[in-house]
Structure formats: C-alpha cells, structure tokens
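Could you put together the complete structure from these sequences and hints?
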Amino acid sequence: MEYPITFTLNGVKRSVSVPADRYLLEQLREMGCKSVKRGCETSGCGLCTVWMDGKPVLSCTVLAVRADGHQITTLEGLQPEAKILGGYLADEGGEQCGYCAPGLMMTLLAMEREYPDRAPTEAEIRHYLEGNLCRCSGYESHIRAAVAYFQDKREVK
Amino acid sequence: MLHILNYERPQTLEEAYQLRQKKGSAVLGGTGWLRLGEHTLRTAIDLSGLGLRYIKDEGDSFLLGAYTTLRDLETSAPLNEAFGGAFADAVGSIVGIQFRNCATLGGSLYGRFGFSDVLTLLLALDCEVHLYKEGWVPVETFAARNGEPDILTELRIYKNRRVKVLSQRLNANDFPSVTIAVSKGEDGFRSVIGARPCRAKIAAGPEKLTLSTAPDFAKKAADAVSYGNGMRGSAPYRRQLAEVLTRRAALSLLQKEAE
Amino acid sequence: MSKSYMGSRTRKKDWEALTTGQPVYTDDIAPVGCLVVKLLRSPHAHARIQSIRTDLAMKVPGVVAVYTWEDVPQERFTLAGQTYPEPSAYDRLILDREVRFVGDPVAIVAAETEEAADKALRLIKVQYELLPAVLDYHTAKDNETLIHPEENWHCLCPVGADNHRNLAASGSCEEGDVEKAFAESKWVVEETYHTKACQQAMMETFRTWCQMDAYGRLTVVSSTQIVFHVRRILSNALGIPKSRIRVVKPRIGGGFGAKQTSVSEIYPAFVTLKTGRPSKIIFSRYESQIASSPRHEMELRVKIGADEAGNLKAIEVYTLSNTGAYAEHGPTTVGLSGHKSIPLYRSEAFRFSYDVVYTNQMSAGAYRGYGATQGIFAVESAIDELAHKMGVDPAALRMQNMVRQGDRMPAYYGEISLSNTMDQCLQKVKEAIGWEEKYPRRVMPDGHIRGVGLSLDMQGSGISGVDVGSVTLRVSDDGGYTMLLGCADMGTGCDTILAQMAADMLNCPIESIAVLSGDTDASPYDSGSYASSTTYITGMACVKCCKELTGKILSYGAEMLSCQPEEVEFDGEYVFKTEDPAQKVSLREISYKAESGSGKALEATASHYSPTSPPPYMVGAAEVDIDPETGKLQVVQYEAAVDCGTVVNENLARVQAEGGILQGIGMATMEDVIYDQKGRDMSNSFMQYRLPTKEDFGKIHVQFCPSYEPSGPFGAKSIGEVVINTPSPAIANAVYNAIGIRFRELPITAEKILLALNEKDGK
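Residue numbers (this note's numbering), protein chains in the order written: chain D, 1 to 157; chain B, 1001 to 1259; chain Y, 2001 to 2763.
Take the hints with a grain of salt, since some may be wrong.
To be verified - For lysine-lysine, the following DSS-like pairs were computed, each having C-alpha atoms within a straight-line distance of at most 25 Å:
#1 2119(Y) to 1023(B)
#2 2119(Y) to 1220(B)
#3 2763(Y) to 1220(B)
#4 1219(B) to 2632(Y)
#5 1219(B) to 2763(Y)
#6 55(D) to 1159(B)
#7 1219(B) to 2752(Y)
Treat the hints as calculated values from the structure; they're not laboratory data.
Structure, rendered in structure tokens:
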C-alpha cells in the first residue's frame, strides 16, 4: 500500500506516494537528490545525513512517510553554503574520495546553526561529528577545516 | 529487511491503543534499529501526531514525553543541571548526533535493549513509566517485563537522587561492553549494571556508603548479576569492568558530596 | 612565468563537485531502467551443489533471469587486478558448483526491481552436499580436504602454488650465511606474531553497472582502481575479446586496494551480455564485509640476532598467509611481508620463506600496505624485543642499524637505497613525541599509565619492472591541454598531482590542464592505481610526455616562425626566437594551425616503467594511555615523519599520511574480522566491525623529511601505502613500554590488556 505524503524538499513543496517501509534515503535519491549516499545499513556512518526541520538525521533510518508535513533539506538545497565550506575542506585536502563529504557538510552546517553566538571548540566539533565516518582522511583535516571555517564565520559576524 | 504492511498515524491515544491491540502491530520510535534483522510489521503506529515530545519541569520531578529524543535528553539544560550532566553522559556515546536526533526515549525504554545506556540510567533514578491503559508503573517493574500491548506515553523522573553513569566501549560510539549507573538518594546508594550483555538490572542497594565501604559495595553489586560472552566482551571481562566502574561512580558521588 | 606547483597546497581539481555533492559516482550516473542484479550466497563454508531449483524464482513478476553454475563459462580466471601473467592462480568461475566460503555466490538474479530480486533470492531452492571445511589456516597445508581439487585450476607463474597441497604460493630466498650469523650472535630473539584480516571499509561499497553500446560492445562502469585489468578479467571470465569491452571508472568512493580486485564486475557484465539490457549491482555493506577482498591474515615467525655491540647479524622471517578461498593477491602480498620488513636494517644475512594457504574463508585481497604492514608489525615488534633483551633504548638500536642512503638492500632484490632520510625521520619523531622525557613510561595523576613506542617503515614505489604508467597530452585549440590518464584517482588526488606536474613542465596554470582518467577506450595503458605506483610511475610518464609534447610545440612553432627548433624557446604561452623574442607565435595560434591543413597531431603519449621501486621511508611514534583497571587504551598522540622524496602536494601528502595512520590505529586497536565455528563472518556490518571515529584518538601529527629520488618525477617517491604500517608496531611497543606486556597479536583491545594485566598480577 502506498501513502500520499507532502513535504518541503529544499524549499519546494512536493507531493508523492510512498510505500510504508520505504526509507527517506531511497526516496530522496529517486527524487534526484544524489548527494545523499548510503554507506551502511546499520545507522552508523552518517553518509546519508539530511535535515529534518533543520536537524541532522539519518535518512537511511527515517521512514519516508514520516517526512509528511516536514521540511527536508539535502545538500542540493544548500549549494552556496556547501561551496564556501567545501573550499575550507579542499584547502586541507580533506575531501579525499568525497563520498562522505555531503553527510559531513550537512552535519557541519547544522552545527553552525546550533552555535549562533560563538565558534565551537575543537572538542565540541569532534563530538558533533562523531557519527560521520570517513575512511580516507584520518579526520584531522576535517577538524582543521571546521575550526578555520567557524573562526572565519565568527569574525565576519 | 523490514516490511511494513500498514502505516497509521493516530490522532488520539485511544486510537493508538486500539491499533496496538492488533496482531503484528508496533509503535514506531526513532526507527534507528528497526531495519536490523528480517521482520514484518502488519501495523506500524506513528505517535508523532500526539504531541509526545516534551520535557516539563514539575518541581520535584520532570515529566518527559515518549517522543522526546535522545538528543533532547543530551541538550536539556534543566535535566542535566538536576542530574549533574548524567543524561548527556549516558546518551553522548550513542552512535552520533544524527541518530540521537531520531531515537526516542519511549523507543529506548520500550525496547528494553540489553545494551541500553538510557535504561541503565533510568533504573538508577526513581522514575515511573506511564502506559495509556495500565497507568503508572515503576521503571524497575516495567524494565523486567516484555512487550505489553499498551502505549507508553510519558516518563516521570523524580529529582531525589544524584547519579553517575560510566561505560566502557571498544571505540567511542560503539555499543557498551558494560554500562553502569550509581545513584544516591536519602536511602543510600543504588547500583545498576547494564549491557551484561543482558538488560540492565538493579544490582545492589539501597545502602549507605563511605569512601572506605564503596569498594565492597561495588564488588557486591558486580557479583550480584550474571554476565554473558559476546563480541563486546567475555563474562569475566564484563564483571571486572562492572566492579571497577561501579566503584568509581560511587566514589565520584561521595567525593562530590564532600566538596 | 607561471608559479611552480611542486610542494604546493593546490586544491584537488574535483573538489567542488565532491564537496557540493554532485552526482559523479557510479550509482549516481547509472541509466534509468537498469536490471537489479543480486547474488544468492552460500550459507556453508564448503559444499557441493547437488541441485538448484530456479523455477519458482523465475515466476516472480519482474524477474528476468536466474543464472547458476550450469549457465556460466567453465574456463577459470582470477579476479586479482595484476599485470598479465598474473601470479594469482586461475581458480575462479563466475559461479561454481563447489562453494568455498560462507558468502560464495551460488546464483545470479536479474530483476526489474529490487523487491522482485529479493523475493526471487528467497525462492531459489538449493541442495548442498556439505564438505569438510578448512577453517584453521594452520591446518590447511597438506590437509586431506582440498579447496581447489579441480582439474582446470592453473597458475600462470612459478610461485610455488600447488592445488593438491592447498598452496596458493610458497618459496624462500636468502643471502649470506644465516646459520653462521645466528651462531655468532650474542643476542637472539625468536617470536611469532599474528595479524588478522582487516577490511578496507571504503565508504562506497563495490558496485558496477553495464550496458551494450551502439556497436554491440559491453560498456562497464565500475568503482575500480584498475580499468585495464578489469577489461582483461572480464574477457577471461566471459570468453569474449577485449575489443568488445570498455571499462570506465567515474569518481570512486575510496579503494585502499579493495578495488584492485574485480569484486563486483563479473555479475552485471554477465547479465548484460546475456540479456542485452543495462544492469547494475550494488553490494550491500553486509556483502562488502563478508564477500570482498580484505587484508591477508598472517602469522609471522621472526628471528633476529645481534652481536655484543648491538649490530644486527641476521634476520629471518617465515610467513604463513591465509589467502582464503581464492588466491587473489596471495602470492604477492606475502612477498612484501619479508621484502619490505627485513631491508629496514643492515644485517649480514637474511632468510625469508613463506607458505600461502587456501582455506574456507573469504578470499583475501589487496589492502594498503599489501603484506608489508603485517611484516613490519612483526619485525618492528621483534626489534623492540631485542632492544629490551639487550637493555638498550629501542630508538638507539634502530638508529644504529637502520638502512642508510647508499646502502645495498639484499632483501629488497639487491636495490640500492638512493634516497633515504629515515635517520632524520627518527630524530624528528623522537623530538616531536618527547622520547627522552617520556620513554619508557609515565604514571599519570589519575593512575593511568602512558608509554611511548616507535617503528620504522618502508614500502615501495610501484612494482619494479612490471608496472606501466602512461600519459597522453593533447593541445586543445584554445591553447589548453587535455591529459588522458589510465590510473585511478580514488580520492587520493592523483589527477591533481599529475596535473601539477604537467603544469610545471608546460609552464601553465593548472586550470589549463583538463584531466580525463580511467577509460579503457580513451586512456593510454596504465596498470592502474595500486602498489604505490601512480605518483612515481605515471608521474614519470607525465614528465616524459610533457617533454615530448614540448618538442612538438617547439617544432611547429619554429616552422611557423620559419626557423629551426633549436632556435626557439617555449615559455608556456609563446614559442619565440631566442635571439629575437619579439618574433613569437602563441600556443593558441600553433594549435589552430595544427587543426587546419596541417596533418600533424599536436599530442604526445609517453609510457614509463621503472626497473627499481625506490622505497619511501617513515618513522611513527605512538604515545598510549592505558587505564590499568579497565584495560582501556587510547592513542593520545601519534607523531610521524615521512620521506616520500619530493612532496608534490603538501595537503594531499599530509592527508594520505593522517588517513593511513588512523587506518593503522584501527587495525592495531579495534578492527578484526571474526569468524564463528561454522566459518561465518561475524564482523558483517559497521556495528560489528568498528572503524575509528573522531573521538578515538588524541592527535595525529605528520612531518616530512624529503629526500630526492633521482629516478622519480621531480624527485618524488610514493606515499599512499607506507603510511599505514607504523601504528601496529609502534602501539604494541608503546603498550609494552607502558605495562610490560608484549602483545604479539592484533588488535590490542582493552579486554586483552585487562586479561593480560590480571594474569601478570596473578589474579
């Protein structure tokens, strides 16, 4: 059985019908959001991170029916920000294979919104990004990029 | 793989309760662990339309809705101030922010998972679980039962105990090899040991402790529960960890008191 | 005129697409309407298929085909991505009647939807005759149970393989009088070390899609490090000529050697060839964990002798390697366990011998470090054991005996170490970790114990005399260049590194070099990106190619200026007369001229191979923090210094090192492929096979001590693999220094530490 749902995807209202057991990840990829990647099947790698009402969630474990009435954001909807933050990552060579990058970007950009008044500390960044696995980088470049990004952002503010 | 035949989003608790009486029905929590294993749900009941996500300060207690997320527990200032940061400590190693933004308090409780850091913490506190039909049930009673066809609506946590949680994991966000909680109230200390790998249990207490009797208490607590072998540790390893961590948590509470 | 890119921190050419989530990976660009390909896998470690019923599965609506062993070609081949003739035995079929590990494919299902494919998998009925399984690799050699008794098993190279003895390879080599050297040694250690299988665990699992092109050729788009080898493997497996196959690699989500084996390609290729329809296979993470190409489990017996003055006399290594059900990379990985560990030291004599055995476990493959990781764990642990036995500082013993620039390395095929700053690396790492203050141990105020340990390390740069890299450069008509490559950028940044070299050689901005890589129809031949070859081998091809193309540019420019090529120079933008620089013609004009009534192609292709494989060197040091009451181990600081020759791109080299070190820390402390008694892989998800997170270590810090490798491009050697080898021995040595317990088996977990501490304390 399929269920009609309506949700806002990257600012645009979309109505689709989905089976009850389809996960948001498959639905979003089918709707053209190819930035959303699958890395595991056990809710543990962070590659499929998207925002639900502005909060990072694992689209591989959220049922698509539950998007009904909510705001879903993928990296496709944050392109200007992604490019700026991506530049910081690229300045450290930290994107490497890039497969975990969209999930990392989504998590970091969410973190930025959770710290409106100050730049988070390195320890806070490490903890916030704990659920974003990366096998290439050894993470240090991600941390350097994030620290630099938040510092610059804070100075501008 | 998971199969869901029917999806329902009831508008009232009564409606949810009636759906839950159907064979093969289950309430959806955060669905983080739902996809693991091969199973079919005839009716998946989504309570997200019922306003069950809240943390209310009621003076001598907190009232938490079943759909409060683990991330809410982690970031709630009043909750963490009242319990010395124990909620942030207990959930902070669970997978990652994204997971905790979905996983619910009700799901963690109702699942009664052996590995649950949340259940371990709550057993150390004085809490009651509210079931729609049955009413209030002490968390200890609830934790020992299985799969009642009722709707878990909220949890009351009394502010009468101070608590310390500790765990050991193969790596930072793995399931625990052992997770423990020690709390102190007027009646003395209580020890809870979880991830043995079986479900958490009150292991010892209430008992009055001093710095010098805490080690014996930890030993007694560790000896009081059984342990099993698994990928996250052998039984002797788990037992030894349980004792060390219980002692440390008890001492930490005693030392804080002295300060 | 243009800036130099050598040693710069240039961004990767594909950074924007990757960081903004553009659809550039295999599955992102798959055609709509691909058949979904799924595999039924064996639940048994060793069995013979008695019967398979597929009729019920075929009746599922949407199921297009179900193939079994009876449907596939019967010529054996290997999935190892190696240069022909491959040292790995030809022991595979697409589907075999005999299944050799839990997870070995039994049937291929092709369906219109995933749901239909899944349903069909459940409806295939297989009857197995169970066979005894060889699950302990110690018992494999000469076991009465043979893993590959089949007649048409064969090996193309003399690697000491014998299917009637369960041997995928065996052999030995030595130089000097080993017995005499040991007899003359005052100090001798002899110990056995054990490294487990580990998963590369790249974030993008194995995946491939295929379709027939307009000419009736099979187009294969795959996440692979080895497009040309995949073409040959498919030709062997499918029994069709290579000219009918095109293999393309888009961006790939990590490899680390996993994708140097053709793990996923044969299945959709077979389906598309049979059905004529596009098809796609995406390995689940579960499949990527249980039926892939992990590191070879090895047991290494090491014997080292030293004279009274501490000079090493002899090193002997015997390696028993578990290749699993198939031989992929078995004969070659084992070689590195001795040839890249023994030569770290000067010694009078050495002996290295090995057996590589088949078992009923998942086939191993190529994983970064490729046997050197295992060998260096053993030898660098043994060196520490020797130092402790002698009562000397292990750092000093290393400084005294390490291989130096100019030394001949007998155990490294007699090559001379022409570029080597390992002594400086050791000095730098000792300072950075604070060796003098921290060695061997410190008890912290909280009761935790901290210890420091270190390790030397080397790898190679390509496979000497075998690996080939090629580069084609074309001048495009606006004066820019197109660079065609056959190597595989798997995130490492080699597309960028080679473009940096070309930009320096051609004196132009890197933006003027457009890169296209990894397409067997368009790229010049390249063995592929593995064995730490791309910067060194393909880099040199790039240098050669640029020289050749520059010659053509000069010659055409001179012609347009009506003079001889010797009379002109090229500054990247203009060809001008040396005598009179005002007489000049732009590259743009030259390229337009070449396109109009010219008959000359303004392009060049150059190939390169190297008779030697200059080792990069490295020293790593770990400081570990151990909670003696819980056994909890944390690497609080990791210091490394790397000699990779000239650093081509500082960012990319640093991230290679940091990433390799963290993989090494994972291997040393948590990663473990665990089988149950029935041969089932229990480490079958990221829940059970743990990868390090951002909170699992303190700090990783990397420095460079560049040497200049005369045979390398701009003096460069490799860096991709050498970086994974130091953590295991450095951490094991640090743990010993902290608590006096020697761990000779990986991973070193809290549980093992606590149980060992109990034993030590007599608990």
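Notebook entry, point to check: Hey, residue 55(D) versus residue 1159(B), does the alpha-carbon distance stay inside 25 Å?
Noted result: Violated, because 29 Å separates the two Cα atoms, which is more than 25 Å.
Checklist line | Hint consistency between residue 2119(Y) and residue 1220(B) [alpha-carbon to alpha-carbon, up to 25 Å] | finding: 52 Å, violated
Notebook entry, point to check: Is residue 2763(Y) close enough to residue 1220(B), meaning Cα to Cα at most 25 Å?
Noted result: Measuring from Cα to Cα gives roughly 18 Å; hence the hint holds.
Item checked: Pair hint residue 1219(B) and residue 2632(Y), alpha-carbon separation not exceeding 25 Å -> Holds, because 20 Å separates the two Cα atoms, which is no more than 25 Å.
Notebook entry, point to check: Holds or violated: are the alpha carbons of residue 2119(Y) and residue 1023(B) at most 25 Å from each other?
Noted result: Cα-Cα ~24 Å, so holds.
Next item on the list: For the pair supplied as a hint, residue 1219(B) and residue 2763(Y), confirm whether the alpha-carbon distance does not exceed 25 Å.
Entry: 15 Å, holds
Check: Is it true that the CA of residue 1219(B) sits at most 25 Å from the CA of residue 2752(Y)?
Finding: Between residue 1219(B) and residue 2752(Y) the Cα gap is close to 22 Å, so the pair holds against 25 Å.
Violated hints for the displayed structure, listed by number in ascending order: 2, 6.
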